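S.K.: This is what each chain is made of:
There are 2 protein chains.
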Amino acid sequence: MSTLTSLVNHQIRLAARPVGLPTREGWSFTEESITEPQDGGVVVKTLSLSLDPAMRGWMNEGKSYIPPVGIGEVMRAGGVGRIIASKNTNFAVGDYVSGGLGVQEYLQVPVDQIKRSGLVKIDLSIGSVNQWLNVLGMPGMTGYFGLMDVGQPKEGETVVVSGAAGAVGQTVGQMAKIKGCRVVGIAGGKAKCDWVVNELGFDACIDYKASPTTAGVSSGSAVKEGLKEHCPKGVDVYFDNVGGEILDTVLTRINMKARIIICGAISQYNNTTAVQGPKNYLSLLVNRARMEGIVVFDYASRYHLAVAEMAGYLKDGRMKSKEDVVVGLKTFPETLINLFNGSNFGKLVLQVAED
Amino acid sequence: MSTLTSLVNHQIRLAARPVGLPTREGWSFTEESITEPQDGGVVVKTLSLSLDPAMRGWMNEGKSYIPPVGIGEVMRAGGVGRIIASKNTNFAVGDYVSGGLGVQEYLQVPVDQIKRSGLVKIDLSIGSVNQWLNVLGMPGMTGYFGLMDVGQPKEGETVVVSGAAGAVGQTVGQMAKIKGCRVVGIAGGKAKCDWVVNELGFDACIDYKASPTTAGVSSGSAVKEGLKEHCPKGVDVYFDNVGGEILDTVLTRINMKARIIICGAISQYNNTTAVQGPKNYLSLLVNRARMEGIVVFDYASRYHLAVAEMAGYLKDGRMKSKEDVVVGLKTFPETLINLFNGSNFGKLVLQVAED
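Chains as they are written, first to last, in the working numbering: chain U, 1 to 355; chain R, 1 to 355.
Among the clues, some could well be false.
[To be verified] The calculated BS3-like cross-link candidates involving lysine-lysine, where the alpha carbons are at most 30 Å apart (straight line), are:
(1) U:Lys-224 with U:Lys-190
(2) R:Lys-179 with U:Lys-209
(3) R:Lys-179 with U:Lys-257
(4) R:Lys-257 with U:Lys-115
(5) U:Lys-257 with R:Lys-63
(6) R:Lys-233 with R:Lys-279
(7) U:Lys-45 with U:Lys-121
(8) U:Lys-257 with R:Lys-115
(9) U:Lys-257 with R:Lys-154
(10) U:Lys-233 with R:Lys-63
(11) U:Lys-63 with R:Lys-257
(12) U:Lys-177 with U:Lys-233
(13) R:Lys-45 with R:Lys-87
(14) R:Lys-330 with R:Lys-121
(15) R:Lys-190 with R:Lys-233
(16) U:Lys-224 with R:Lys-63
No wet-lab data here; the hints were simulated from the structure.
Predicted model, so just to flag it, every value in this text is computed and none were measured.
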């Protein structure tokens, strides 16, 4: 404990709101010292941070499902860490926790911010640090509740998920298989597609990057043809992480009473023009289908149930997880961009410190 | 009966699929003779036909919720008529019926097409011929089930409906008032807006045509400002008959868990370019809201319940109806166009014959 005050907390703060893709110049790198916690407070050492497409939205000004990150504030990030100092009876030194750690090496939490930080103890016997950021963390919860509560898949139905090799997509596809559905993924590149089919057991995966391009614009034909081939009975549930052309193409293949879960639209997050609306949305009318948004926080009171269920699947091998781990806090600006060019393979995790 | 064979049935048939607005040249005018019905068959004399925005969709090639009208076929239309000859024990001469009469003076139905024609007896003691095409007919059923089943409005919620003075809009707004909601209409022109407020009892109505225009393009600001003013608590249910910019503007004002009923998109039906997708659809995500399509035929088994309920409201004065009646079968091509320029005021009815 006597060493606590000698620690330097390296932080990455939002310096400017990006237009289009975030750049290195949009961040500032700061240092703060750590102090002993006051009554009820704790200090958390960051082990790993979750890098998520949603981060791009938090960097924009304006109303959304949570307030934007303010200019000059430490960038918001979920993560897993270890308690290294505590004056709070709910947390002991050595406890592992997940919560809103931020893009920094340490999180100092006074008593009145414990709740806001969302710190909860986690059990590493049921999942690794990285799995707690993936299938047992926010992405897993998003996939689980989005699929099960909004999508309501029935045995024998066809479920399509975009971003299939990503954190949410992995969970959605594997859960849908466990529930007896036909599962077709959409992902970028042969390696990802092979992996979700061969390792995760999806029935098929469509490589959207396989479409011929003209002047850099994809024809989208790979998705169109792939859906025809792999969803011969149409699409009952579509879990959308990407928006744009892929959403529009899936809309042409939905069944009566189909459910489309709007979880994200990564293809649109770095637009400098307006978001592309789904021009085929009248397929909802023709097919009496629905399109519904999901925000994971609404399900917080049931996270423990989903974690328990999915930890069981991890244990018995019915569910696998893959993380793409990049090491070093300072790589954050470049690593975040990987999310948007699709170069990450699996849940993107920034390892800040070894345990 | 001996005069039946002397009748001439004037018909209007689809001659060519329109590009953009339908034109007079896209129709052919034909005559057929009427014959005595065979066993199980009936002959119906058309009294009034329902002219609906959906007709534009039926004129296009390609899969929709019902097959397109074929080139050379009598144009599909719902209507009310009277049985003038019958060899079917379910229908007596003099019975009033509604069903798919088509744009023609008489419908000759052999026994094997009775079901397909959707002929059902109607009771003129609970509603007039025109009301049976309006609030007690398909538009009324569409409004009723779209609002009640898909929209699920709760007392005190704010319901917005576009096309407010139209057939569906009248029903939706009045039903929502009866269910205890705050109701705001969107319609084109002061006369329509005054009418839905003063006669139908809507809480407010926004005149979308009041927006300033630049080079013929509406700024849409009247809808934006109107929603701000008249929906101070946001929008819980939006019943969309129009699509386009109005849908996009409403999407910026929806509440958490809002329900958007996609009933039609009249602003887009005569497009010669792609349908305009709702670029603000990610508001569904932020607000955990849903957008769902409705096709009235799905509720056929419950029409009688909705008719009984709404006939009660018509009788006790809680519900009113307005029809815009144009006389003469031959005016059909021009009259149909009125729907798309918004010049009809109330449910557009084509009176083919006096009772």
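S.K.: Keeping to a limit of 30 Å between CA atoms, is the pair of U:Lys-63 and R:Lys-257 held or broken?
M.R.: holds (16 Å)
S.K.: Taken at face value, is the distance from the CA of R:Lys-63 to the CA of U:Lys-233 at most 30 Å?
M.R.: Holds. U:Lys-233 to R:Lys-63 sits at ~16 Å (cutoff 30 Å).
S.K.: Does U:Lys-224 pair with R:Lys-63 here, judged by a C-alpha cut-off of 30 Å?
M.R.: Since the Cα atoms of U:Lys-224 and R:Lys-63 sit roughly 17 Å apart, the hinted pair holds (cutoff 30 Å).
S.K.: R:Lys-45 and R:Lys-87: Cα distance at most 30 Å?
M.R.: With Cα atoms ~15 Å apart, R:Lys-45 and R:Lys-87 stay inside 30 Å; holds.
S.K.: Please verify whether R:Lys-190 and R:Lys-233 have alpha carbons no more than 30 Å apart.
M.R.: Distance of about 24 Å is within 30 Å: holds.
S.K.: Does U:Lys-209 lie within 30 Å of R:Lys-179 when you go C-alpha to C-alpha?
M.R.: Distance of about 51 Å is beyond 30 Å: violated.
S.K.: Given the hinted pair U:Lys-257 and R:Lys-154, is their Cα-Cα distance within 30 Å?
M.R.: OK: U:Lys-257 and R:Lys-154 at ~23 Å, within 30 Å.
S.K.: Next pair to validate is U:Lys-45 with U:Lys-121; report whether the Cα-Cα distance is within 30 Å.
M.R.: holds (13 Å)
S.K.: Quick one, are U:Lys-257 and R:Lys-115 close enough, alpha carbons at most 30 Å?
M.R.: Within the cut-off at roughly 25 Å; holds.
S.K.: U:Lys-177 and U:Lys-233: Cα distance at most 30 Å?
M.R.: holds (16 Å)
S.K.: Keeping to a limit of 30 Å between CA atoms, is the pair of U:Lys-224 and U:Lys-190 held or broken?
M.R.: holds (17 Å)
S.K.: With the threshold set at 30 Å, check whether the alpha-carbon distance from R:Lys-257 to U:Lys-115 stays at or below it.
M.R.: holds (25 Å)
Comparing the model with each numbered hint stated earlier shows that hint 2 is the single one that does not hold.
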